[in-house]
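Starting from the known structure of chain E, arrange chain D on it as the hints suggest.
Protein chains in written order, with the working numbering: chain E, 1 to 406; chain D, 1 to 406.
Because the hints were derived from the structure by calculation, they are not lab data. C-beta atoms are modelled at their ideal positions from N, C-alpha and C, and glycine is treated no differently. Be aware that a few hints might be false.
[Unchecked claim] Derived CB-CB ranges, DEER-like: (1) E:VAL188 to D:ASP292: 40 to 46 Å; (2) E:THR406 to D:PRO31: 50 to 56 Å; (3) E:ARG273 to D:GLY72: 24 to 30 Å; (4) E:ASP274 to D:ARG132: 47 to 53 Å; (5) D:ALA138 to E:LEU277: 29 to 35 Å; (6) D:GLU345 to E:ALA58: 57 to 63 Å; (7) E:THR57 to D:VAL75: 53 to 59 Å.
There are 2 protein chains.
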Amino acid sequence: MPEPTPLALPEGHPFGPHNLPYGVFSPGDAPRRVGVRLGDHVLDAGALAAELGSPHTALLTGPTLNPLLAAGRPVWSEVRAALTTWVTDPAHQAAVERHAHPLAEVSLHLPFEVGDYVDFYASEHHASNVGRIFRPDAPTPLTPNWKHLPIGYHGRSGTVVVSGTDVVRPSGQRKAPADPAPVFGPSVKLDIEAEVGFVVGVGSERGRAVPLEAYRDHVFGLCLLNDWSARDIQAWEYVPLGPFLGKSFATSVSAWVTPLEALETARVVPPARDEALLPYLDDSSAEPGGYDLRISVEINGEVVSEPPFTTMYWTAAQMLAQTTVNGASLRTGDLYGSGTVSGAEVGQCGSLLELTWNGERPLELGSGGRSFLEDGDEVVLRAWAPGAQGVPVGLGEVRGTVVPRT
Amino acid sequence: MPEPTPLALPEGHPFGPHNLPYGVFSPGDAPRRVGVRLGDHVLDAGALAAELGSPHTALLTGPTLNPLLAAGRPVWSEVRAALTTWVTDPAHQAAVERHAHPLAEVSLHLPFEVGDYVDFYASEHHASNVGRIFRPDAPTPLTPNWKHLPIGYHGRSGTVVVSGTDVVRPSGQRKAPADPAPVFGPSVKLDIEAEVGFVVGVGSERGRAVPLEAYRDHVFGLCLLNDWSARDIQAWEYVPLGPFLGKSFATSVSAWVTPLEALETARVVPPARDEALLPYLDDSSAEPGGYDLRISVEINGEVVSEPPFTTMYWTAAQMLAQTTVNGASLRTGDLYGSGTVSGAEVGQCGSLLELTWNGERPLELGSGGRSFLEDGDEVVLRAWAPGAQGVPVGLGEVRGTVVPRT
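Extracted from the complex, chain E is given alone in its bound form (with noise of 0.2 Å):
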């Protein structure tokens, strides 16, 4: 019998042939380039590439994503198939094994270059928990648009940083109703929204919408996104104008971009939809436009919440349908998240101002009791999505640790 490769991997594992998402790494100090996972094993893709005499080593040499993104849905698919080739057939076995380089030994960074950002508000559950806690005297805790039309807003694409990277605790003005004044300080509310990321690979022309059934040839593939908010501060600022402080000093998004060609199993349909949508919204009669990504919450290695992205009203084909219906253009590395996706129970929520109720039931965890965040803390968000024949699709993580500002 021989010798298992170092690349083998178990039964089902979550990065295995059937996943391959692209990131970016560097062995060392060494020049950034393109690299597919495979089990616990950084692929370097460029020079697989160019060994194996791919017409597409050029989109895959780094030190961004972006070239790849932008080359296509019908490039993206050649790529992929080449390295589903390469990476199952024994021919390639030696190539592959010369390039692979153990996780454990590279850096990872920010994958793609990114555009504009955008951040929805599509999970019901998230956007009525919100409602109750920051407008409780407003009539209903959905606003009268929630149901018409996927609610977003421009965040900071110049604080989107890697998994890994800390999170320097932000400073603002908060004030609470009954001060007379504002106070400037750190935040004492730093809370996490966990979401999914949309990574925009082809861009469209200002002036065009973009329809529901093109979301394909527009999005190349998805990731783990936790949106840091500091609550005092946003509170404070919100009205009229919407989050700016206190969204705007970070986001952290994984290291790794999932193709959506690796999820193809694990789409399903939204939540029934409560109100008739405007046909450049109805997806009634499209093909499913939700995922089953199951995602957890981990705080300090204990994990404080498992949203479910099943139950995320709106879909991204919706959401991108929504940013450029009005003509606004797309450029390769656009970013929208889809909001803190939340589930209907308390357990489901995922952000510490939900699951806490705005600090009134702090948790209890093994470090400690929290209403929000403590500097130290390490939040990492983990999901997977069903593949074939059992086997998970694993999503990369988002790991952050809250650092003071020194």
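Quick look at chain D alone, frame taken from chain E:
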């Protein structure tokens, strides 16, 4: 008496050697290069610098201003001093003329690659007017936070376009309060916002605030900006997360970026503050942070408003301090807008929303009555500032024509 040279300017020309704004141009189909405006000519700054042996030639060769922006204040001063010498010293006249192109014979391009675009809301008159129109039932027109911090939000950097670019009328959802459900179609309340934009040269580190006094180390210069706005789309979408599609379809900037050094004589003390400011915003003992910029708004050749920038409550330095006080980093090419500039008088408002009081009092123009913009309308923003010896410093115009979506 010698012949006047092609570059001889009449006394007091607003684009004389005291001004020298930067842009990006191409003569015909040639590659984009950095230009400096002198009168009605564009000097090819890179070619001139190369011929005259400048050490900064590489910063001036294009295709954007970003390398110059990133170079920092000492270099900005050196480049400006060299340009001033070149265009005023007869010894360099022949070289300057060799590299001068008539404005009418070149194409002007977006002068810098935009990082993040933030839009503020810094005019008390504008914010009060909008409050009265959009929130008539609120106890006060200004929200409680307004005088404690400059309110801002992120806009879409991918749809920032240069003056002269047509603006496609956006489509979207709108719903009047009495309508049973939203309807979809082209905006019927397309508006302008006359603003001043500030262009960040030198970036900053994540986790560090940029104090008021570092403003001129980071901001390179300013431009005119038209933040096109669809009021009907905005009114329906903006609660609770702020403007999105009502603004994201286009933001026009002037082709010329005026360096701050050209506007030293235009600095003025901002209005008295009605609330004590937290230390990071307190400019009571700082150098004057306002600018005396006289703006005019033309529709189809007719001046409809003359907004005075002196009335802005918040200064550019305060907006920058606010943007970074939470630790958000800056990047070269970040752009922030002042928000609509409106004075106390009706004829000083920078938006049709205010000028027509949301359409209740249409303007009577030679081209017909106008509540909001019609297809084919051309809007031009112009501005100038007082310079030394009474010579005005001209800002680049922002021109745009509304076209229907095809």
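Verification of the supplied hints:
Remark: the range hint 40 to 46 Å for E:VAL188 to D:ASP292 is upheld by a beta-carbon distance near 41 Å. Roughly 45 Å separates the CB atoms of E:THR406 and D:PRO31, a value that falls outside the hinted 50 to 56 Å. Here the CB-CB span from E:ARG273 to D:GLY72 is close to 54 Å, at odds with the stated 24 to 30 Å. For the hinted restraint 47 to 53 Å between E:ASP274 and D:ARG132, the CB-CB distance of approximately 34 Å leaves it violated.
In this structure the hint that D:ALA138 and E:LEU277 lie 29 to 35 Å apart at CB holds, the actual value being about 31 Å. At about 59 Å, the beta-carbon gap between D:GLU345 and E:ALA58 stays in the expected band of 57 to 63 Å. Separated by about 38 Å at the C-beta atoms, E:THR57 and D:VAL75 break the suggested range of 53 to 59 Å.
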